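One letter stands for each residue in the lines below.
Protein chains: 2
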Amino acid sequence: MHKQPDLQDIRSAHQRIRPYILKTPVLTCTALNRMVGAKLFFKCENFQKGGAFKFRGACNAIFSLSDEEASHGVVTHSSGNHAAALALAASKRGIAARIVMPSTAPPIKIAAVKGYGGIITFCEPSQESREHTAEKIVKESGAILIHSYNDYRIIAGQGSSALELLEEIQDLDFILAPLGGGGLLSGTAVAAKGLNPKIKVIGCEPKNADDAYRSIKAGHIIPSDYPNTIADGLRTSLGDKTFPIIRDLVDEILLATEEEIITAMRHIFERMKIVAEPSAAVPLAVLLSNQLDVAGKKVGVILSGGNVDFSGFFEALR
Amino acid sequence: MHKQPDLQDIRSAHQRIRPYILKTPVLTCTALNRMVGAKLFFKCENFQKGGAFKFRGACNAIFSLSDEEASHGVVTHSSGNHAAALALAASKRGIAARIVMPSTAPPIKIAAVKGYGGIITFCEPSQESREHTAEKIVKESGAILIHSYNDYRIIAGQGSSALELLEEIQDLDFILAPLGGGGLLSGTAVAAKGLNPKIKVIGCEPKNADDAYRSIKAGHIIPSDYPNTIADGLRTSLGDKTFPIIRDLVDEILLATEEEIITAMRHIFERMKIVAEPSAAVPLAVLLSNQLDVAGKKVGVILSGGNVDFSGFFEALR
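First to last, the sequence lines map onto chains A and B. Those letters in the first sequence? Residues 12 to 329, by my numbering. Those letters in the second sequence? Residues 12 to 329, by my numbering.
These are calculated hints, taken from the structure and not from any lab test. What you are looking at is a predicted structure, and each value in this text was computed from that prediction instead of being measured. Here a beta-carbon is modelled for each residue, glycine too, at the ideal position from N, C-alpha and C. All clues given are correct.
Okay, the calculated bits of chain B under chain A, using three or more residues with CB under 8 Å as the criterion: (1) 56-67; (2) 276-282; (3) 318-324.
Which residues of chain B face chain A? A few of them, derived with a C-beta cut under 7 Å, are: (4) 285; (5) 286; (6) 328.
Extracted from the complex, chain A is given alone in its bound form (with noise of 0.2 Å):
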């Protein structure tokens, strides 16, 4: 795929991908509508294979493949919910997956990619030694680089979250997504804006990460300089292929604090009984920081996904 997706890849990746992703549902709160004083719906991809939205641009990148290019196996460099989502992805094609990771990598990511069947090539943690090794092994075996974000059958496989969210609840006024690299803003804003030109498309970041918001102000892309936030699938920086569908796209990009995205990930345990990871809880932090009028309006909201660490909480209950 070598063009900007439209509407129209983005019903194909769906179509392409849906045997094997799970149609997550929509689920609202009560309590959390009162508090933002807005009609919220969830598009719960905690619950997507993989615990998170990343099986789908994966999928979508997989089955694109034609069968020499499959028979190479793929390859990306990850240490987080991509690398497990291509694994899986992977193994549904029965193709490899070579997942490179820094040595780094926390205990319970490197068990999913493996537990997915994934190959893990260990490398120093910084981004010239994760990109060296792919590349190298890409040389060596012939496998498909799929980059986490910046790859249109990427960005076409994770649009079809609000593709699906938009089919249930056809007049959103609103829909926000949070924005790391840019692979799920992307994909969110050309479905939405396909689908209804008139939906406000709001990218939600945090404020220890805001190389995005910096970005799309200064108008070329300014790199993330190893930002300090929770929000571990938003440190990245946006990708030539991400950049300009965001600058064309995306209404307006708000920035939500460490404190706020805590208080929000607590109100989606305590409130909606759901586990929600940090990066997920980015776009009801913003709304919870009235930042956004969206009073008596329907809002969506991507909830990216569910992996958090719970090794401490356990273990205090023993």
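Please build the complex by placing chain B on the supplied structure of chain A, with the hints as guidance.
Below, chain B without anything else, positioned relative to chain A:
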């Protein structure tokens, strides 16, 4: 309601409370199915209003009252989910709920009762003081005492969860429910055996609070003796109304250790991405301990509630 409820009483209770309760979803989980070797259907009362099944029984009790009875309000003694559920149900009818709580009750439980408009009277942290204080309020105000489980109206209301589950998944081989005072298990057994006499009904109790297991074996109620279990909803003793129902209709009572309960709770968080309180994890703990031959069978599980104190978890994130 002065006789032991039958299926028709549970149907009537369901009709009565339907406008107020949430019809909770039934969730499945591939990973847990694989671990147990059966098809599990979780009836998610953690999503119920008030965060637990208790709202069903409380609603049935409150809306069963005549206008004359209701005019004096209701009273109960409880430090757990029943207190909040009764306050919430009373607020739906617009009547007063007086809640007797031990002065040692956790602040989060006190806040929940206050949040629903309950009027709290504190007492000493003993069974005698709780009962005495409640009786005094009955005498002074004419309020109707609604016990948290030893009450046919409560039992009939709690049975509506199993009724909904069995209407949705009709050919269950087993149904499992946690067992504390026995209100939920009694209602579950009456509904399940009424709809399908062949279904096996299993009560699931913490090994550290196995008074019901011992009571059924002995043929008379053996009171629980301040048992030390993380499943704080299951520390109570059987009552004279729940004992005979469980004796006559429940096929087996099985026990889970503290370690098994915590592990099961963790699986619910990590695999299902939902929040379950320890008491709600006891049936899964029993299933994972291989005491019951459910291979290839369809198994219903009443996931009773999701009121967890996350203070420590979120403090640690800061």
